[in-house]
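Based on the provided sequences and hints, a complete structural model is requested.
4 protein chains.
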Amino acid sequence: MAKHSIILGNVGNFTDRFMGVGYQRDYTLEEMFDRVKSVKGVTGVELVGNWHINERNFKQVKKNLERTELSLVSIIPDHFGIPEYGKGAFTSKDPKIREKAVSDTKVMIDIAVELGGDLISLWPGQDGYDYFFQGNYIDERGWFEEGVRACCTYRPSCKISIEYKPKEPRNFSYASNVTSTLLMVQQINLSNLGVTIDYGHGSVAGENLAESVAILKKYGNKLFHVHMNDNYGSWDDDMITGSIHTIPFIEFFYWLKKTGYEGYISTDQYPYREDGRDACNESVRWFDVFESMVDRIDEQKITALYETGNACDISAFLRDLMFGR
Amino acid sequence: MAKHSIILGNVGNFTDRFMGVGYQRDYTLEEMFDRVKSVKGVTGVELVGNWHINERNFKQVKKNLERTELSLVSIIPDHFGIPEYGKGAFTSKDPKIREKAVSDTKVMIDIAVELGGDLISLWPGQDGYDYFFQGNYIDERGWFEEGVRACCTYRPSCKISIEYKPKEPRNFSYASNVTSTLLMVQQINLSNLGVTIDYGHGSVAGENLAESVAILKKYGNKLFHVHMNDNYGSWDDDMITGSIHTIPFIEFFYWLKKTGYEGYISTDQYPYREDGRDACNESVRWFDVFESMVDRIDEQKITALYETGNACDISAFLRDLMFGR
Amino acid sequence: MAKHSIILGNVGNFTDRFMGVGYQRDYTLEEMFDRVKSVKGVTGVELVGNWHINERNFKQVKKNLERTELSLVSIIPDHFGIPEYGKGAFTSKDPKIREKAVSDTKVMIDIAVELGGDLISLWPGQDGYDYFFQGNYIDERGWFEEGVRACCTYRPSCKISIEYKPKEPRNFSYASNVTSTLLMVQQINLSNLGVTIDYGHGSVAGENLAESVAILKKYGNKLFHVHMNDNYGSWDDDMITGSIHTIPFIEFFYWLKKTGYEGYISTDQYPYREDGRDACNESVRWFDVFESMVDRIDEQKITALYETGNACDISAFLRDLMFGR
Amino acid sequence: MAKHSIILGNVGNFTDRFMGVGYQRDYTLEEMFDRVKSVKGVTGVELVGNWHINERNFKQVKKNLERTELSLVSIIPDHFGIPEYGKGAFTSKDPKIREKAVSDTKVMIDIAVELGGDLISLWPGQDGYDYFFQGNYIDERGWFEEGVRACCTYRPSCKISIEYKPKEPRNFSYASNVTSTLLMVQQINLSNLGVTIDYGHGSVAGENLAESVAILKKYGNKLFHVHMNDNYGSWDDDMITGSIHTIPFIEFFYWLKKTGYEGYISTDQYPYREDGRDACNESVRWFDVFESMVDRIDEQKITALYETGNACDISAFLRDLMFGR
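Protein chains in written order, with our numbering: chain B, 56 to 380; chain D, 56 to 380; chain A, 56 to 380; chain Z, 56 to 380.
One or more hints might be untrue.
Heads up, the list lumps identical chains together, so a pair's fine if it works in one copy or across two of them.
Unchecked claim - Derived DMTMM-like pairs (lysine to aspartate or glutamate); straight-line CA-CA distance at most 25 Å:
no.: 1; residue 1: Lys277; residue 2: Glu200
no.: 2; residue 1: Lys277; residue 2: Glu317
no.: 3; residue 1: Lys155; residue 2: Glu362
no.: 4; residue 1: Lys148; residue 2: Asp368
no.: 5; residue 1: Lys58; residue 2: Glu346
no.: 6; residue 1: Lys151; residue 2: Glu110
No lab work stands behind these hints: they were computed from the structure.
Rendered as structure tokens:
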């Protein structure tokens, strides 16, 4: 049975490149914790380095975790919002910045462990390139692997999980899709290293995310964490899960169950124009729908469907499952 | 209340560029009519020129229409499967071929009327271009308008409806999306000329089809016909309607109702590996689901939603409408 | 002969939703004017309302225009960076905000005229919707037309030009592509209303921009302004013009010349990680290349190519034009 | 120095799903061999199983190879054009068909070796799925690996190379992109197994193909073969190489050289409406341009560019390399 969590910033304020002042008002850390807590069924929270947690506000965060009884699901080190990392963190052409990416991560590992966490979700958003002839692909992938390896060996009890995304903020990311990332995970070859699926990132990469879950199962049981949102397919729109798609989410949750995924399922949204708390609540309510639907799937029936792959039978099966007709 | 129909070839055999021999067996005209007839709730059939109907088999088709009591919903003249039209029909650089495109259409208009039809659905699939510097865009759009105008004035009692598609078989089509086509319809400015929405073509064009229905309503009530199928967004996959998407179809059917669309809703699929009859049946069964859901929409509630546009309320509303939770 | 200009902010600092603090340092207004001026061949500048020009800094801007002898090419009113416009400006569900969108535009019209300008380039970035069932499409397009009409009739000597874009910051824009916008321009039907092509926006809309130039020529000579940048096709990456594509730009500049476009060609970029001045300079240097190539096109040869549309001949012609082989 | 070849069918006739009769006339095997031979600089030919080579016409093909002195670059077994393979070859849910996929491949291996070839380029076009809940992803990827392994161990002196493609004719392929395929290649772990890059397939998968070359180098030197064509980014348009893009091809050829690729570079096109021989010739002429440009790259300059990654310098460098300005 999956556990549900929310990335703290999801209930806050949002900017984009045109609305630098933010679409809404800012919230205090306390308010944000309360807003997460108010979503029924949510038992965990994720924090972004610098944005929500650092060495200076450590005690304040600890107090909020205790007060709300939310588990620290993961820390996402800030490798994307610091100008020094603007041209890459683990893959910066400057070796000092590459070192800093590792040492900053170690700080976050220590903080996470101290707060009772056991997971770092790395999102190497700036590790990539924009222009042709800009990236020295072999060297830079090598640097990425080196840096991540150094993070993994620092405290092997803490899991490190790489969140992939094909583009944004770089035009091309090195950890671009599930198999590109898995290849690096296999190359590094450490048991505390895995992959975070962000549903929307995978969609933009052209993946059917249920298949991505299966691939991570097949090649080493490497699904370590899940971020959820919805989009229209060409960009990381970061919308309410379930607001655009339905059937692919049912299949996704089915494969999570089938492969025995036991981690958290977090919202990871940018509800620019919505109340963030309400938008997260909506996603979690849709998680409930998809999970209860998966629980109602008759194993015998679905086994038979997989044996033939008959699309008309699948269609009828889903219509019945979803709408009883 | 919408009426349902099927394009005859949808229950037949299918080829693609790699499987030239066809994925299945061929069916006789009689068999195909029987297969269409066997789908519950279907009262009409569409025919493709040459492929299903021509001057030679006219009587045979007539007999089948009578026998099955299916209405002739439209004829789609074959402007795409004849080598002479390979580089364009209405927009061919050869004026003789442009003339032929018009005269072939007139033949189909006569046949349609004779068989009790009142609609020609033009799909100008070859009217476009592949390479940069290949299309003389102004002239060729002009030729397109001239040719369609000549078809419209031939028998004004017969409606002519242009089906748009962004690409395939050309890399760029002239009638590429709903507004590109509407612009030509306005330029030609004849009351018997309108637009056919193919749901999948519009999706590939990046449209939200509910909005396309609204646009056609706003600018002259020009939605004349509807073709249905589903796809993954980047290509005209021509799959079972409802097999990929759910909510966008609910919105689409809602706007069909809201704008008072009274024409037929046809399947337009390529079930390469499925039994065509069963695949059409599945689509029609999903039409039933979407239509009954639209019928259950509370007008007061939805009016309130449109007044605020609150995405969280919309999400909750849809979850309740779809799944009662 | 086209004239070249730069949007002032292009030589400044840049943020995105992850790097809210900006990738670079900020520049003063004076510095930015100097940076624009330093790009060889640039004779004009575009200003964004609020960001660069308002009622308070009017004199400072005027002084900078005089000092640098740059022409004011256009003002782009800020309909996208003010929280009140977060859910729409001309199409806000709140009539007071719709009125404000018009009155804010009128202020910018007055300022532009006072500064010697004759063009307002409207970019209605927030006028659209994000979720299904959120936009009341017919009403909202109607409001858009009303608002723009009010701007156009205010001072008919000032041209108003609508810049279209399929998405971002909304998931769906009303002025989404060239024909969607042209349809509204035709509906409003005023001679001082036209369309701004942003090359990258059109690419994301799936357009071949040379064809878009032709379409604007055909239906009323409505190309009023041009913004330039390059991208990978799925998103408005706002890169250096010519850094990704080559042949499509040659065709685009060819059609600008062929249709007699005489306005400015502006850079419109987001060089997050580059020096903005240098990135603009690069684009302008590529403009020079494309324009000189177009000037070398032999009219007789190209007329012959358009008569046959032979793709192999076109390929050989371009290879010779570009590389002399 | 790369060697150039042509897939025999590229100089023949072409069908699509609408133009089943073919856009052009058919050519005899002799004519096709002559047409390939007539393209300057081409020294090899690729053959598709069944379509061009089988046990019955073996001698005829042999004679043509000798007559034209073209090398047999590879055979592509027909796993996509036989109805039995319509729902999968190596991944068919029917074990007998999976066995047939292997045994058919073995026949082609024997023929290839007999004709002096040492490469089988597998294109598993039907190995994938169309609908959600249709593919049993873990089992089916496993079957794929089993089948390919059996082909590899049959005659280890013959290289086997998997050509990936994200979709078409299935909506999702198992060998979908470079890293998905490399993962299977690593799992099978045999030295005669590698990957074929089809430039257009990779583009549709969202790859920058120069990076794909680098990735194949980094993880085991696994680039075994190259197929060339061009497209608009969203579909396998199979156009003349160089007709759409320029700079990305320069970078691609640069990385081929940099990584020491020594195999053949083949055209793989579908010039539906062009003379196939002329369209192949155009591609090969563009190969010449790109290769000569790469040869003119100053190693010191490019090393400096890679050290900074300065996009403006790269832009200036390319403009000078391409156009001397």
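For this session: Pop the pair Lys58 and Glu346 into one bin, within, between, both or neither, using alpha-carbon distances up to 25 Å.
Result: within (11 Å within a copy, 36 Å between copies)
Problem set entry | Identical-chain pair category, Lys155 with Glu362, by Cα at 25 Å | between (51 Å within a copy, 19 Å between copies)
For this session: State whether the alpha carbon distance between Lys148 and Asp368 is at most 25 Å within one copy, between copies, both, or neither.
Result: between (54 Å within a copy, 16 Å between copies)
For this session: With 25 Å as the alpha-carbon cut-off, assign the pair Lys277 and Glu200 to within, between, both or neither.
Result: Classified as both; 16 Å inside a copy, 19 Å across copies.
Exercise. 25 Å Cα cut-off: does Lys277 pair with Glu317 within a copy, between copies, both or neither?
Worked result: Close inside one copy (12 Å), not across copies (36 Å); limit 25 Å.
For this session: Can you give me the call for Lys151 and Glu110, within, between, both or neither, at a CA distance of at most 25 Å?
Result: Result: close within a single copy only, 21 Å intra versus 46 Å inter.
The structure agrees with every numbered hint stated previously.
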